[in-house]
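Chains as they are written, first to last, in this note's numbering: chain A, 1 to 191; chain B, 1 to 236.
Hints are computed from structural coordinates only; laboratory data are not their basis. Where a beta carbon is used, it is the ideal one built from N, C-alpha and C, also for glycine. Keep in mind that a hint or two might mislead.
[To be verified] Below 25 Å or equal to it, Euclidean Cα-Cα: the simulated SDA-like pairs (lysine to any residue) are:
#	chain 1	residue 1	chain 2	residue 2
1	A	K71	B	E119
2	A	K71	A	L155
3	A	K71	A	A32
4	A	K71	A	M34
5	A	K71	A	T128
6	A	K71	A	T82
7	A	K71	A	R35
8	A	K71	B	H118
9	A	K71	A	L39
10	A	K71	A	R29
11	A	K71	B	A121
12	A	K71	A	T147
13	A	K71	B	D142
14	A	K71	B	C158
15	A	K71	A	T33
[Claimed, not checked] Listing some non-contacts, in silico: residues in chain A with all C-beta distances to chain B over 10 Å:
#	residue
16	R77
17	W79
18	T82
19	L157
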Amino acid sequence: MRNFTPEIPVPLSDALKPGAEAAPMALERLFATMRPELLRFAWWLARDRAVAEDVVQEAMLRAWRSRDALKDPAAARGWLLTIVRREHARLYERKRLEIVDLDEVMAAEDTQLAADGDEMVGLRLAMTQLPDDYRIPLVMQVLGGFTTDEIAQELTLSTAAVLTRLFRARNRLRSIYGLLPAPDALDEPAV
Amino acid sequence: MTHDEARLLIGAAPGAVSAPLAEHLAHCAPCTLFQQQMQRMDQDLSRLFTAPLGPRAETGIRALPLMPATRPRPVAPRASGLLALAASLVLSIGVGIVFWTLRPQPSLAAGVLDHVGHESASWSEVAPMTAAATSQVLAGADVRLDPTDTTVTYARICLFNGHWVPHLIIRTAAGPITVMVLNREHIGARQSFRQNGYSGILVPAPGGGTLAVIAQGDADLDAVSRALGPHLHWTH
Chain A
1 MRNFTPEIPV PLSDALKPGA EAAPMALERL FATMRPELLR FAWWLARDRA VAEDVVQEAM
61 LRAWRSRDAL KDPAAARGWL LTIVRREHAR LYERKRLEIV DLDEVMAAED TQLAADGDEM
121 VGLRLAMTQL PDDYRIPLVM QVLGGFTTDE IAQELTLSTA AVLTRLFRAR NRLRSIYGLL
181 PAPDALDEPA V
Chain B
1 MTHDEARLLI GAAPGAVSAP LAEHLAHCAP CTLFQQQMQR MDQDLSRLFT APLGPRAETG
61 IRALPLMPAT RPRPVAPRAS GLLALAASLV LSIGVGIVFW TLRPQPSLAA GVLDHVGHES
121 ASWSEVAPMT AAATSQVLAG ADVRLDPTDT TVTYARICLF NGHWVPHLII RTAAGPITVM
181 VLNREHIGAR QSFRQNGYSG ILVPAPGGGT LAVIAQGDAD LDAVSRALGP HLHWTH
């Protein structure tokens, strides 16, 4: 027995067209290519490796079942990231997971922490401690590449609210953990 | 544009500079410094987000405390408390072993039922597939089915636990039966399960892996596995 990793004889863009016979194989190749990024994205949403893997697995199944919804193969990355984000939200709705145990997070990440510089350690810790309302839009923007309008649409917020949350997220990273002190005091704008 | 407005825009998207913001920055050194700091932090964030993940924590999905726990500070034991410490240690290990033994196991059966539930429309397929069409589908998952008198009404390759597996529905006198060929899943012995109107079994496949056989309601699932199992072969 071996892992099923066939070569795809047709371009991904053609294979992903609805009804294309090679679509399953092309999707598998897409999943295999995207999986590390999807896993990182899910990890920074959930801050737990096991949960992130579950989220990505469920997202891939959901993507497979709704593959006909992908009209533009060039949009596959954003499509998959969006499915991961929604699957993460569904998981939290079902399980009511509010905050992870940061001791477990840090224990699981000790190896990586040791390999990072002090500044990155502080940034990692600060990111894991950011509330969901701030962390998720920031991860979507920086890691996912979503625009503020796309984040607003996805999180059903106004664009102004997203701008404020992104600002507050970065401001917390800076002020709470002593990263990049602000040149002077700044009041956070109201949503 | 005020300083607060400028910093809101910078903090929200350090890499984006609109014309009004550019005009403000041209005459505002503190906001320009703020922008540079935010851009540097974004570079660090990008590095952080693209760094490899750490090792997998041996934790599953579970309800977690609402507040972050604090790391207990280790306390050096006093000599007079060594016996008590040793007793506590033995007790802790014993309790740990009990919890480890009784910990919830990821259920292959639950995964199969969940998957079947998501493809509920497959049960209604009644038109027989040709042997050639079935073979073509199975070949995509490196599986071959010998010619048999089995009537296959549905054949797909499905993503299951990270691997592509054949998902078949065959027609029997007792109604349609789902068969999933899980060549990456291994079990020690036959398992049976029943949930949400489905009954199913997991049996070791003759060629390795596991056969999942599921019916809506009751059916002789073992007969199906005995009839089909020997005719399924891995081609790689």
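Against the structure, the hints:
| no. | hint | in the structure |
| --- | --- | --- |
| 1 | A:K71 with B:E119 | holds, 22 Å |
| 2 | A:K71 with A:L155 | holds, 22 Å |
| 3 | A:K71 with A:A32 | holds, 20 Å |
| 4 | A:K71 with A:M34 | holds, 18 Å |
| 5 | A:K71 with A:T128 | violated, 35 Å |
| 6 | A:K71 with A:T82 | holds, 15 Å |
| 7 | A:K71 with A:R35 | holds, 21 Å |
| 8 | A:K71 with B:H118 | holds, 22 Å |
| 9 | A:K71 with A:L39 | holds, 24 Å |
| 10 | A:K71 with A:R29 | holds, 18 Å |
| 11 | A:K71 with B:A121 | holds, 23 Å |
| 12 | A:K71 with A:T147 | holds, 20 Å |
| 13 | A:K71 with B:D142 | violated, 29 Å |
| 14 | A:K71 with B:C158 | holds, 21 Å |
| 15 | A:K71 with A:T33 | holds, 19 Å |
| 16 | R77 | holds, 14 Å |
| 17 | W79 | holds, 16 Å |
| 18 | T82 | holds, 17 Å |
| 19 | L157 | holds, 13 Å |
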